[in-house]
Amino acid sequence: GAVVSQHPSRVICKSGTSVKIECRSLDFQATTMFWYRQFPKQSLMLMATSNEGSKATYEQGVEKDKFLINHASLTLSTLTVTSAHPEDSSFYICSARDRQGGLEQYFGPGTRLTVT
Amino acid sequence: AQKVTQAQTEISVVEKEDVTLDCVYETRDTTYYLFWYKQPPSGELVFLIRRNSFDEQNEISGRYSWNFQKSTSSFNFTITASQVVDSAVYFCALSEWHAGNMLTFGGGTRLMVKP
Numbered sequence: 001g002a003v004v005s006q007h008p009s010r011v012i013c014k015s016g017t018s019v020k021i022e023c024r025s026l027d028f029q030a031t032t033m034f035w036y037r038q039f040p041k042q043s044l045m046l047m048a049t050s051n052e053g054s055k056a057t058y059e060q061g062v063e064k065d066k067f068l069i070n071h072a073s074l075t076l077s078t079l080t081v082t083s084a085h086p087e088d089s090s091f092y093i094c095s096a097r098d099r100q101g102g103l104e105q106y107f108g109p110g111t112r113l114t115v116t
Numbered sequence: 001a002q003k004v005t006q007a008q009t010e011i012s013v014v015e016k017e018d019v020t021l022d023c024v025y026e027t028r029d030t031t032y033y034l035f036w037y038k039q040p041p042s043g044e045l046v047f048l049i050r051r052n053s054f055d056e057q058n059e060i061s062g063r064y065s066w067n068f069q070k071s072t073s074s075f076n077f078t079i080t081a082s083q084v085v086d087s088a089v090y091f092c093a094l095s096e097w098h099a100g101n102m103l104t105f106g107g108g109t110r111l112m113v114k115p
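Taken in sequence, the protein lines are chains A and B. Position 71 (the first sequence) corresponds to 71 in the working numbering; numbering is contiguous. Position 7 (the second sequence) corresponds to 7 in the working numbering; numbering is contiguous.
Read the hints as simulated data drawn from the structure, not as lab findings. A virtual CB, placed ideally from N, CA and C, is assigned to each residue, including glycine. Please note: incorrect hints may appear among the correct ones.
[Claimed, not checked] In silico PhoX-like links for lysine-lysine, alpha-carbon gap of 20 Å or less: (1) A:Lys41 with B:Lys38; (2) A:Lys14 with A:Lys55; (3) A:Lys55 with A:Lys66; (4) A:Lys14 with A:Lys41; (5) A:Lys14 with A:Lys66; (6) B:Lys3 with A:Lys41.
[What the hints assert, rightly or not] Over 12 Å on every C-beta distance to chain A, these chain B residues come out as not near it, computed from the model: (7) Val4; (8) Thr9; (9) Glu10; (10) Asp18; (11) Ser42; (12) Glu44; (13) Phe47; (14) Asn52; (15) Asn67; (16) Asn76; (17) Cys92; (18) Ser95; (19) Arg110.
All chains should be built: construct the whole structure from the sequences, respecting the hints.
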């Protein structure tokens, strides 16, 4: 149980274009999902917290107009990187917390974004 | 503020050696949770253990063991008889109850186990 999927697993896009990453909880409902970014050989940094039906909460230094988050249902959150640039190339990981409570964050397998 | 420090950025051992990964944390909360995750080259995080601040009992799971000491704010992870498949980046993480249990990750320790 507690499986989180991400799609796509890898994406290459051209500079200036937008790319959408999906995060789904497959066997549970998640009121809260988290988006992390991980640059090569670095740790995971929380970008934003996504709550179903409300606006996402962004961490300091993360541009909300660039990284659009939509959590439209209890099983799906999307992260759209708008006007992507090479410096946005990174590994994006989502996690989800079960609606029924508990502390665990269940992590997705990650999406590797390369902007050329 | 919460902070997690993994002072060892890279460790290299030979197979069958024991290895300990250090984790030191800072928190003002009395209720908090500590985690260890493994990140193999594929990138997917693998949950290893969670400990709450009220449970200092050490834990052993197969070749893995964890030593939680509140007196030194440490939560160290030992792999006994390491294997090549243990090669990965290991992250220690902290969440504070009063901070909504948001995870703060340490910098990670890259473990390389050589045959």
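Within a Cα-Cα threshold of 20 Å, do Lys14 (chain A) and Lys41 (chain A) meet the stated pairing?
-> Violated, at about 24 Å.
Going straight from one Cα to the other, do Lys41 (chain A) and Lys38 (chain B) come out at no more than 20 Å?
-> Holds, at about 14 Å.
Thr9 (chain B) and chain A, when compared Cβ to Cβ, separated by more than 12 Å = Given a closest Cβ separation of 9 Å, the condition is violated.
Regarding the assertion that Phe47 (chain B) does not contact chain A, is the least Cβ-Cβ distance greater than 12 Å?
-> Given a closest Cβ separation of 7 Å, the condition is violated.
Starting from Lys14 (chain A), check that the Cα of Lys66 (chain A) is at most 20 Å away, please.
-> 16 Å, holds
Beyond 12 Å from every chain A Cβ - status for Ser95 (chain B) | For Ser95 (chain B), whose nearest Cβ neighbour in chain A is about 7 Å away, the distance does not exceed 12 Å, so it is violated.
Against chain A, does Asn52 (chain B) hold up as non-interface, every C-beta pair farther apart than 12 Å?
-> 9 Å, violated
When you check the alpha-carbon spacing of Lys14 (chain A) and Lys55 (chain A), does it fall within 20 Å?
-> Cα-Cα ~28 Å, so violated.
Quick one, are Lys3 (chain B) and Lys41 (chain A) close enough, alpha carbons at most 20 Å?
-> 19 Å, holds
Given as non-interface: Asn76 (chain B), which should sit over 12 Å from chain A by C-beta | Asn76 (chain B) clear of chain A: closest Cβ-Cβ about 18 Å, beyond 12 Å.
Is the Cβ of Val4 (chain B) farther than 12 Å from every Cβ of chain A?
-> Since the minimum Cβ distance to chain A is about 9 Å, Val4 (chain B) lies within 12 Å and the statement is violated.
Separation of Asn67 (chain B) from chain A, once the least beta-carbon distance is taken, above 12 Å = 21 Å, holds
Going through the hint list in order, the structure does not satisfy hints 2, 4, 7, 8, 9, 11, 12, 13, 14, 17, 18 and 19.
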